[in-house]
Amino acid sequence: MRYVDEFRDSELTKILVDRIHRVTKHPWVIMEICGGQTHSILQNGIDQLLPKEIELVHGPGCPVCVTSLELVDKALAIAAMPNVIFCSFGDMLRVPGSGKDLFSVRASGGQVRIVYSPLDAVKIAQANPDKEVVFFAIGFETTGPANAMSVIQAKALGIKNFSVLVSQVTVPPAMHVILGSPQNRVQGFLAAGHVCAVMGYWEYPPIAEKYQIPIVVTGFEPIDLLKGILVTVEQLEKGSHIVENAYTRVVSYEGNQPAQTILKKVFEPCDRNWRGIGLIPNSGWKLRPEFANYDAELKFKVSDIHTQESPICISGQILQGRKKPPQCPAFGAQCTPEYPLGATMVSSEGTCAAYYRYAREEMSS
Amino acid sequence: MSETASVTMEGPVCPLPLHHHTQIVMGHGSGGRMTQELIQEVFMPYFSNPALLEGNDFANLLAPITDARHIAVSTDSHIVFPLIFPGGDIGRLAVCGTVNDVAMSGAIPAALTAGFILEEGLSIDLLKQIVRSMAMASEEAGVAIVAGDTKVVERGKADGLFINTTGFGWVPDGLQIGGQFAKPGDAVLISGTIGDHGIAVLTARGDLGFETEIVSDVAPLNLLIEAVVAEIPKVHVLRDPTRGGLATTLNEIATQSDVNITIEENSIPIRPAVATACEMLGFDPLYVANEGKVIVILPEDKAELALQILRKQKYGENATLIGHVYEKPKSRVLLRTRLGTTRLLDVLAGEMLPRIC
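Listed in order, the protein sequences are those of chains D and Z. Remember, the working numbering sits 25 above the position in the first sequence when you count from 1. Remember, the working numbering sits 2 above the position in the second sequence when you count from 1.
Derived by calculation from the structure, the hints in this document are not laboratory data. What you are looking at is a predicted structure, and each value in this text was computed from that prediction instead of being measured. The reader is advised that the hints may include incorrect statements.
[As the list claims (entries may be wrong)] Here are some of the chain D residues that sit facing chain Z, going by a computed Cβ distance under 10 angstroms:
hint: 1; residue: ILE40
hint: 2; residue: VAL42
hint: 3; residue: GLN73
hint: 4; residue: LEU74
hint: 5; residue: TYR383
[Claimed, not checked] Simulated restraints on C-beta separations:
hint: 6; chain 1: Z; residue 1: LYS236; chain 2: D; residue 2: TYR28; range: 53 to 59 angstroms
hint: 7; chain 1: D; residue 1: ILE330; chain 2: Z; residue 2: GLU266; range: 46 to 52 angstroms
hint: 8; chain 1: D; residue 1: VAL29; chain 2: Z; residue 2: ILE73; range: 45 to 51 angstroms
hint: 9; chain 1: D; residue 1: PRO294; chain 2: Z; residue 2: GLU319; range: 56 to 62 angstroms
hint: 10; chain 1: D; residue 1: GLU363; chain 2: Z; residue 2: ILE73; range: 52 to 58 angstroms
hint: 11; chain 1: Z; residue 1: GLN131; chain 2: D; residue 2: SER277; range: 51 to 57 angstroms
hint: 12; chain 1: Z; residue 1: ALA232; chain 2: D; residue 2: GLU363; range: 39 to 45 angstroms
hint: 13; chain 1: Z; residue 1: GLU213; chain 2: D; residue 2: VAL29; range: 47 to 53 angstroms
hint: 14; chain 1: D; residue 1: GLN208; chain 2: Z; residue 2: GLU266; range: 55 to 61 angstroms
Glycine included, each C-beta is placed from N, C-alpha and C at the ideal position.
Excised from the complex, chain D in its bound form (with noise of 0.2 angstroms):
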């Protein structure tokens, strides 16, 4: 396959992993943002061919895994309503709320449709003029600018029963509270590829200079990911912070304006609550008051949502790289892909769920 094989070429891998070997000389805690770089990695076993000095430890970066268990319960009590067409990523069927999943909200008698764009939902709201058309509109900034285009597209055809019910989050707040955190590890960050593609990394600077971290924007295939670890591991050594692109194919500096500007004009930023981290002040987008046609969350008026979460479940601390999935006493046994306790064990790019998938032989053995 173009333009993908080559950046999973064993001997540009072999080149990679030699220099990285020579160049590390102490230990170091790098952290992957995200989900699909933790996928990545242990899915081609990326983590295997480091030094022992270099330990990989998993963000936040999982969009199906931080969004709050209340939003989650919101989605699963307005999928259940009779005259609802829910419409949602694939990976966020399978979420447990605080007694189901958007999957038994549908063998109850609930529409609940897999979309692969939010332009689809629009759609189906179009062909559906007698239901109302609700999409889950989750995600970083990766999502944001197509769930934004969704609303905007809605409000040009006037179509009237069509909403989302938003639960947007963005990367860099959620590092200012890993690197706040008097119990972080966190010496160098892989940052997020694709977040970059559209946001750029104009806003990273800051956060490398207050925490001293260098941060290096990285991609998702083998090469990408070996070549993000080797220009962190290089400004470790060094002692620089400094921010670095190692996925100069895909993200400038600038990222994607007219995505940047369509996420202006859709949303604002607001306080988000993430699941198993908690309250992050300015950490989200929600719709603009021009918008609030569109917000599922007001035409719906869903309230008396009392959350619970497991109480064994350590996925807030694995969000945050404090733990690692083998550290927590439910991982493989109460806790499994076909009966999650959190949501890190429930997304395929979850790190519980990657450990579980490509990993369970180094844990039993």
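Got chain D; can you put chain Z on it based on the hints?
What follows is chain Z alone, placed relative to chain D:
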């Protein structure tokens, strides 16, 4: 009450008899004249064979002259949306699925039965097309459909058409083939490219926003298997990696045989179009369904011969050695990645879901 209902349905109050030739109505499942008409016009022209033509509620078959003492039996209910997809349809799927399941024991499939559940409103032309496709697949496999049944359910109570097929065959004496017989030292072969069926059906649903040239691999594998087993009776395992794909099926075998199976990522045959579609959707082709592929596990010293035989057969042209069986870690499947690292290849937890970003 029920009499009144049947009166309005069959329509004797109507001055002229109604003929329903374009779509299935409840009367086609009544067991009466309309059912007979449906059988005569739709099924008989395609499924005609001596056992069926006798017109009994059973098929009276001649036992083959063989010293075989074992019968292999398998049943499968087929549901698929859409009913017709690139490379096949529910009819071909129903015939091939059961022929293949019987053949995976090393048996020579002898006959099939077919049970149809039709939804009121189903187009009779579509039904004819599917029945014709079943007949073609049955002829290709050389396995006749000797008994059948038709029921009709009200509109909304089925997805157009469901087909159950049951098949049986005689297992030649001396064969010992099954998922529990993989042994350390065995080689693992796959008869061709993986993931074609699952991606073909998914794209045929039309909601991906892109089209591909991928066609389903649905095919009868009994002749290919017969060719291998005739030359190499010491084959240990034959299994078709259908639902759950290659990874799930290998896990079943590793658990049944209590062995480790390690496969090489680089050697697994995948069409570029399937790889690309999976990449875009966040699917792993190792978990995508196949309907015309077989995993062959046999002693390493027979692997080359088996590959030569497979590659000469229709549906075996791309046969490849993909891995080996080891003693430990027991009941686990491992994947050696193209980077030389090793990771667990687990079973799929639930439905494969497209990822978010």
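Against the structure, the hints:
no. : hint                                    : in the structure
1   : ILE40                                   : violated (12 angstroms)
2   : VAL42                                   : holds (9 angstroms)
3   : GLN73                                   : holds (4 angstroms)
4   : LEU74                                   : holds (6 angstroms)
5   : TYR383                                  : holds (4 angstroms)
6   : Z:LYS236 / D:TYR28: 53 to 59 angstroms  : violated (45 angstroms)
7   : D:ILE330 / Z:GLU266: 46 to 52 angstroms : holds (50 angstroms)
8   : D:VAL29 / Z:ILE73: 45 to 51 angstroms   : holds (48 angstroms)
9   : D:PRO294 / Z:GLU319: 56 to 62 angstroms : holds (58 angstroms)
10  : D:GLU363 / Z:ILE73: 52 to 58 angstroms  : violated (36 angstroms)
11  : Z:GLN131 / D:SER277: 51 to 57 angstroms : holds (53 angstroms)
12  : Z:ALA232 / D:GLU363: 39 to 45 angstroms : holds (42 angstroms)
13  : Z:GLU213 / D:VAL29: 47 to 53 angstroms  : violated (20 angstroms)
14  : D:GLN208 / Z:GLU266: 55 to 61 angstroms : violated (42 angstroms)
Consistency with the previously given hints fails for numbers 1, 6, 10, 13, 14, ordered from lowest to highest.
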